[in-house]
Amino acid sequence: METNLITEDKQKNKLEKAFEILKTMASKPSGLIGLSIVLFHVVLALLSPYIAPYDYKAISPNTMLLAPSAEHWFGTDSLGRDVFTRTILGGRTALTVTFFGSLIALLWGGLLGIFCGLVGGKIDDVVMRVVDAFLSIPWILAMLLIVSLLGTSTEVLIPALGFFYGKGIVRVARAATHDVIAKDFIVSARARGHSNMSIIWNEIIPNVRDAILVEGAMRWSWMLLGFSSLSFLGFGVSPPTPDWGLMISNARGLMSFAYWSVIAPIVGLSSLIIGINLTADAFAKALGIDRSTKAPV
Amino acid sequence: MNEIIESVKNLSIGFNSQKGKQISILRNVSTNIKKGETVGIVGESGSGKSTLALAMMGYIKQGLFPLKGECLFKSKDLLKMSSRQLEKIRGRKIAMIPQNAGQALTPNLKIGYQIDEALKLHTDLNKTERDKKISELLNKVRLPSPETMAFRYPHELSGGQQQRVAVAMALAGKPDLLLLDEPTTGLDVTTQAHVLELLRFIAKDTGTSMIYVSHDLGAIAQVSDRIVVMYAGEIVLEGPARKILKEPIHPYTYGLLKSIPKLSLAGLPASMPGSQPQPGSINEGCSFYDRCNLATDNCKKNSPDLEHIKELDTNVRCFNYKELINQNNNLQTSITKKSNNSEANEVLKLKDVSISYAKQKFFDQLLNKISDQNPTVKDINIDIKKGETIALVGESGSGKSTILKSIAGLLKTKDGQIKFENDRILSSDLKMRNPNDLRAIQLIFQNPDESLNPNHTVEQILSQPLKLYFNLSGEELKKNIIDLLKKVRLGEFYMSRYPRQLSGGEKQRVAVARAFAAKPDIILCDEVTSALDVSVQAAVLNLLQQLKEDLGTTYVFVSHDLAVVRAISDRVAVLYQGRLCEIGPSQNVYKFPSHPYTEVLLGAVLEPDPDIKPKLVAEDIVEEKPPEKGCSFQGRCPRKIGDICNSEIPPWQIGENGNAIRCHINIEELASLQQ
Numbered sequence: 001m002e003t004n005l006i007t008e009d010k011q012k013n014k015l016e017k018a019f020e021i022l023k024t025m026a027s028k029p030s031g032l033i034g035l036s037i038v039l040f041h042v043v044l045a046l047l048s049p050y051i052a053p054y055d056y057k058a059i060s061p062n063t064m065l066l067a068p069s070a071e072h073w074f075g076t077d078s079l080g081r082d083v084f085t086r087t088i089l090g091g092r093t094a095l096t097v098t099f100f101g102s103l104i105a106l107l108w109g110g111l112l113g114i115f116c117g118l119v120g121g122k123i124d125d126v127v128m129r130v131v132d133a134f135l136s137i138p139w140i141l142a143m144l145l146i147v148s149l150l151g152t153s154t155e156v157l158i159p160a161l162g163f164f165y166g167k168g169i170v171r172v173a174r175a176a177t178h179d180v181i182a183k184d185f186i187v188s189a190r191a192r193g194h195s196n197m198s199i200i201w202n203e204i205i206p207n208v209r210d211a212i213l214v215e216g217a218m219r220w221s222w223m224l225l226g227f228s229s230l231s232f233l234g235f236g237v238s239p240p241t242p243d244w245g246l247m248i249s250n251a252r253g254l255m256s257f258a259y260w261s262v263i264a265p266i267v268g269l270s271s272l273i274i275g276i277n278l279t280a281d282a283f284a285k286a287l288g289i290d291r292s293t294k295a296p297v
Numbered sequence: 001m002n003e004i005i006e007s008v009k010n011l012s013i014g015f016n017s018q019k020g021k022q023i024s025i026l027r028n029v030s031t032n033i034k035k036g037e038t039v040g041i042v043g044e045s046g047s048g049k050s051t052l053a054l055a056m057m058g059y060i061k062q063g064l065f066p067l068k069g070e071c072l073f074k075s076k077d078l079l080k081m082s083s084r085q086l087e088k089i090r091g092r093k094i095a096m097i098p099q100n101a102g103q104a105l106t107p108n109l110k111i112g113y114q115i116d117e118a119l120k121l122h123t124d125l126n127k128t129e130r131d132k133k134i135s136e137l138l139n140k141v142r143l144p145s146p147e148t149m150a151f152r153y154p155h156e157l158s159g160g161q162q163q164r165v166a167v168a169m170a171l172a173g174k175p176d177l178l179l180l181d182e183p184t185t186g187l188d189v190t191t192q193a194h195v196l197e198l199l200r201f202i203a204k205d206t207g208t209s210m211i212y213v214s215h216d217l218g219a220i221a222q223v224s225d226r227i228v229v230m231y232a233g234e235i236v237l238e239g240p241a242r243k244i245l246k247e248p249i250h251p252y253t254y255g256l257l258k259s260i261p262k263l264s265l266a267g268l269p270a271s272m273p274g275s276q277p278q279p280g281s282i283n284e285g286c287s288f289y290d291r292c293n294l295a296t297d298n299c300k301k302n303s304p305d306l307e308h309i310k311e312l313d314t315n316v317r318c319f320n321y322k323e324l325i326n327q328n329n330n331l332q333t334s335i336t337k338k339s340n341n342s343e344a345n346e347v348l349k350l351k352d353v354s355i356s357y358a359k360q361k362f363f364d365q366l367l368n369k370i371s372d373q374n375p376t377v378k379d380i381n382i383d384i385k386k387g388e389t390i391a392l393v394g395e396s397g398s399g400k401s402t403i404l405k406s407i408a409g410l411l412k413t414k415d416g417q418i419k420f421e422n423d424r425i426l427s428s429d430l431k432m433r434n435p436n437d438l439r440a441i442q443l444i445f446q447n448p449d450e451s452l453n454p455n456h457t458v459e460q461i462l463s464q465p466l467k468l469y470f471n472l473s474g475e476e477l478k479k480n481i482i483d484l485l486k487k488v489r490l491g492e493f494y495m496s497r498y499p500r501q502l503s504g505g506e507k508q509r510v511a512v513a514r515a516f517a518a519k520p521d522i523i524l525c526d527e528v529t530s531a532l533d534v535s536v537q538a539a540v541l542n543l544l545q546q547l548k549e550d551l552g553t554t555y556v557f558v559s560h561d562l563a564v565v566r567a568i569s570d571r572v573a574v575l576y577q578g579r580l581c582e583i584g585p586s587q588n589v590y591k592f593p594s595h596p597y598t599e600v601l602l603g604a605v606l607e608p609d610p611d612i613k614p615k616l617v618a619e620d621i622v623e624e625k626p627p628e629k630g631c632s633f634q635g636r637c638p639r640k641i642g643d644i645c646n647s648e649i650p651p652w653q654i655g656e657n658g659n660a661i662r663c664h665i666n667i668e669e670l671a672s673l674q675q
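Here the protein sequences line up with chains R and E, keeping their order. Numbered per our numbering, the first sequence spans residues 1 to 297. Numbered per our numbering, the second sequence spans residues 1 to 675.
Honestly, the hints are just simulated from the structure, not real lab data. Any given hint could be a false lead.
[To be verified] Covered by chain E, according to a simulated footprint, are these stretches of chain R (three or more residues, beta-carbon under 8 Å): (1) 171-185; (2) 199-208; (3) 223-229.
[What the hints assert, rightly or not] Estimated spans, in silico, between C-beta atoms of each pair: (4) E:Glu147 to R:Ile137: 56 to 64 Å; (5) E:Arg500 to R:Leu15: 48 to 56 Å; (6) R:Leu141 to E:Lys625: 51 to 59 Å; (7) E:Phe493 to R:Ile123: 42 to 50 Å; (8) E:Asn293 to R:Leu15: 44 to 52 Å; (9) E:Leu616 to R:Gly120: 41 to 49 Å.
Every residue gets a Cβ at the ideal spot worked out from N, C-alpha and C, and that includes glycine.
Starting from the given sequences, assemble the full structure and let the hints guide the process.
Next comes the structure, spelled out in structure tokens:
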């Protein structure tokens with residue numbers, strides 16, 4: 001009788017596993033910083049309507065372009081609105097739109113990539129060439145076209161961003177599937193007569209999930225930048241909704257004498273992007289997908 | 001001759017676990033390498049043999065560090081040297097020959113250039129002297145036509161030739177010590193025998209000391225003067241090769257030698273229970289306590305020291321070794337005879353099966369046919385009886401796995417039919433087969449690390465076929481899984497384990513259980529034991545035999561290992577280049593007369609006995625494609641009789657004891673030639 005030899009690696013349920021991964025992520029300083037930044041932004045986005053000191057759309061000619069003070073911590077903008085209020089509220093749309101956008105990107109990109117990787121052959125060839133063709137279109141132009149045709153509501157922005165950022169995920173998912181597909185357990189499932197769907201669901205997804213999730217997390221930060229660029233160009237959220245890209249765009253011309261109204265949204269945007277990037281890196285390391293492999297000697 | 005070249009003293013190497021505990025992989029290892037001596041380090045995977053060998057050239061893998069002790073090469077400690085100092089020793093004083101020369105040679109540089117690089121680095125010769133030296137070295141490792149060989153690329157050479165080039169490169173610096181880490185493990189049996197013979201010659205010729213690391217006692221027996229047996233990071237037995245192999249006085253070595261299938265004996269070898277403990281799991285007592293049948297209470301509490309026995313010139317780590325000396329241990333006995341329960345009716349028939357890997361041309365694709373005049377596998381006719389174990393044997397490239405894949409429906413056949421039960425033709429396309437036929441034929445793969453989904457628990461793995469074929473769920477599913485686990489001698493608590501938490505043998509048991517979950521009629525075994533350690537291999541073979549006797553399953557067993565095949569099979573089919581050479585009941589195939597290729601294969605089998613030397617006949621030549629006409633073995637055949645072998649396909653001849661041989665030489669003549 002072979003006896004149980006492994007004692008360190010005990011059984012864990014899914015929740016415990018997720019907690020374990022979080023703990024591993026937080027064990028390194030970079031991961032801890034990234035996680036704290038993201039957490040800070042998420043909490044702020046949730047609480048901001050309740051803690052915002054002013055109405056974000058309250059225009060007042062008396063308070064135009066005031067420097068930071070005890071009353072207006074980050075000063076006011078050219079229409080007299082409180083920059084602090086608008087900054088803490090400005091992350092809300094960006095976060096929601098890009099979060100759901102990445103989710104959509106992950107879903108369609110991941111599934112299509114896995115499917116192409118599994119079936120291969122002609123279907124794979126055709127789909128991948130179409131994806132390549134899309135990759136060659138400057139996304140911002142295409143986005144502008146879509147937005148000007150269908151409007152700038154979040155219902156349009158989320159799927160449009162999700163579509164454009166999913167293309168890269170297709171390639172990653174397909175490559176990850178190719179790594180797995182040559183393994184004998186897939187051959188074994190095929191020989192047993194499982195359907196393609198069953199093989200994708202049971203055998204492939206558990207093995208490529210990590211790689212795709214990490215890719216998705218990276219895409220999230222890119223999408224955030226993309227979304228803010230759209231807003232900056234005036235094709236994102238429509239005024240007076242507070243948004244970082246829009247705020248930067250509005251205050252751009254006044255930068256030389258009212259720097260405060262542009263610095264606050266820039267700090268908000270860049271800190272969130274850095275935070276997501278650090279978190280994604282730590283996430284990848286915690287899952288054992290380490291891209292910095294060293295030479296053996 | 002008794003000058004000590006390298007001496008390892010009380011060496012312990014370990015790593016820090018995730019919980020910060022210090023875990024040692026090598027524990028208190030001491031040994032000496034004398035000048036001109038070949039020392040074989042043998043042990044199963046995880047015994048620390050490679051760690052020891054690498055430490056002997058001052059290299060410690062990342063994550064590991066020396067805990068105590070020293071490695072003295074010519075009385076200087078290698079482990080304390082800077083990398084600059086080590087550079088001067090490695091290659092010049094200590095050279096290494098890697099396991100896989102095909103990967104160790106740079107693919108886009110010519111052989112001569114690569115040897116020249118080594119010469120430039122380690123000697124002060126000028127260009128003309130180096131050129132002379134290169135052909136000298138290539139001559140020494142007995143490569144054919146050394147002048148042209150220097151201008152070839154590694155991929156133009158066979159595996160054995162690549163390994164010879166690696167030996168030549170290692171010899172370039174005239175090292176005092178050669179380190180060989182499983183140098184023949186990836187090679188075919190015949191090639192392996194040739195390389196070992198070369199190594200033995202070089203050791204004698206140059207007086208170089210060698211450290212030969214291997215899990216294969218057969219290979220170790222051929223080259224070593226002295227053998228060091230490792231178990232769980234410790235030396236358990238050390239002494240002269242003949243003594244260790246003939247009269248092992250440590251229970252582990254004894255069990256290991258007994259669990260190796262031997263050509264001279266039909267039937268299954270005795271298996272050793274359990275598996276090697278994980279590093280760090282032993283706190284007190286002997287590390288072999290769990291698996292030892294001589295163990296006493298003393299062994300549980302105290303760990304034995306390495307004891308020197310003067311009259312045998314042997315070091316042994318066991319309290320009760322005297323029992324083994326007194327036992328007059330006979331390694332040849334204690335083999336379980338297997339019963340042959342094959343029935344008369346055939347369950348699977350291969351009729352004129354040909355398989356081609358050639359890419360379909362556009363026109364053929366339209367017509368859905370393959371036009372390849374010289375397919376990889378051709379004209380295979382085998383009838384498989386219900387309940388028998390038929391083995392397909394051959395070296396790599398013989399098409400044995402290809403045939404298996406075709407039976408499973410994973411590879412389309414070019415011509416011929418695969419008939420299952422009552423002459424019903426099975427479609428060669430997996431998708432066209434009905435689910436019941438898919439259920440009836442199951443596969444077990446070579447490497448359980450690859451064949452089990454790493455993200456599934458054992459329960460999920462076993463539930464897949466049960467759900468698919470029998471629509472089981474809930475309590476019934478669970479009950480069936482537990483039954484299956486019991487059948488392969490694993491407990492219920494394995495259900496929640498992941499493959500990474502299991503040892504190699506346990507993983508393969510799970511794979512066996514998954515195959516049996518489908519209640520199959522035929523199980524296709526693709527080299528199922530070649531990734532396993534020797535002691536575990538015997539246990540898996542015994543399990544397969546037991547299950548077959550209980551359930552009446554038919555096995556198609558593919559292996560390159562003739563001794564393993566001898567142990568488990570009822571009938572053997574020998575393949576060369578995708579063509580059948582010989583087929584018959586296994587006791588007859590292993591007796592003469594046999595096909596010249598079978599003869600070559602049998603001659604090259606390495607037995608763990610220094611007195612049985614392999615017979616080397618066939619040269620090792622690269623044969624990428626089977627010959628277009630004539631006998632498939634014409635290129636390497638030592639008994640080739642002339643043009644007829646090149647032009648005509650030899651006829652089948654039936655010997656008096658029922659084995660069929662495909663050869664132009666008359667069977668009686670063959671018998672007298674092989675006497």
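Results of checking the hints against the structure:
no.: 1; hint: 171-185; result: holds (count 3)
no.: 2; hint: 199-208; result: holds (count 4)
no.: 3; hint: 223-229; result: violated (count 0)
no.: 4; hint: E:Glu147 to R:Ile137: 56 to 64 Å; result: 58 Å, holds
no.: 5; hint: E:Arg500 to R:Leu15: 48 to 56 Å; result: 21 Å, violated
no.: 6; hint: R:Leu141 to E:Lys625: 51 to 59 Å; result: 54 Å, holds
no.: 7; hint: E:Phe493 to R:Ile123: 42 to 50 Å; result: 44 Å, holds
no.: 8; hint: E:Asn293 to R:Leu15: 44 to 52 Å; result: 46 Å, holds
no.: 9; hint: E:Leu616 to R:Gly120: 41 to 49 Å; result: 44 Å, holds
The structure fails to meet hints 3, 5 from the earlier list, while all remaining hints are met.
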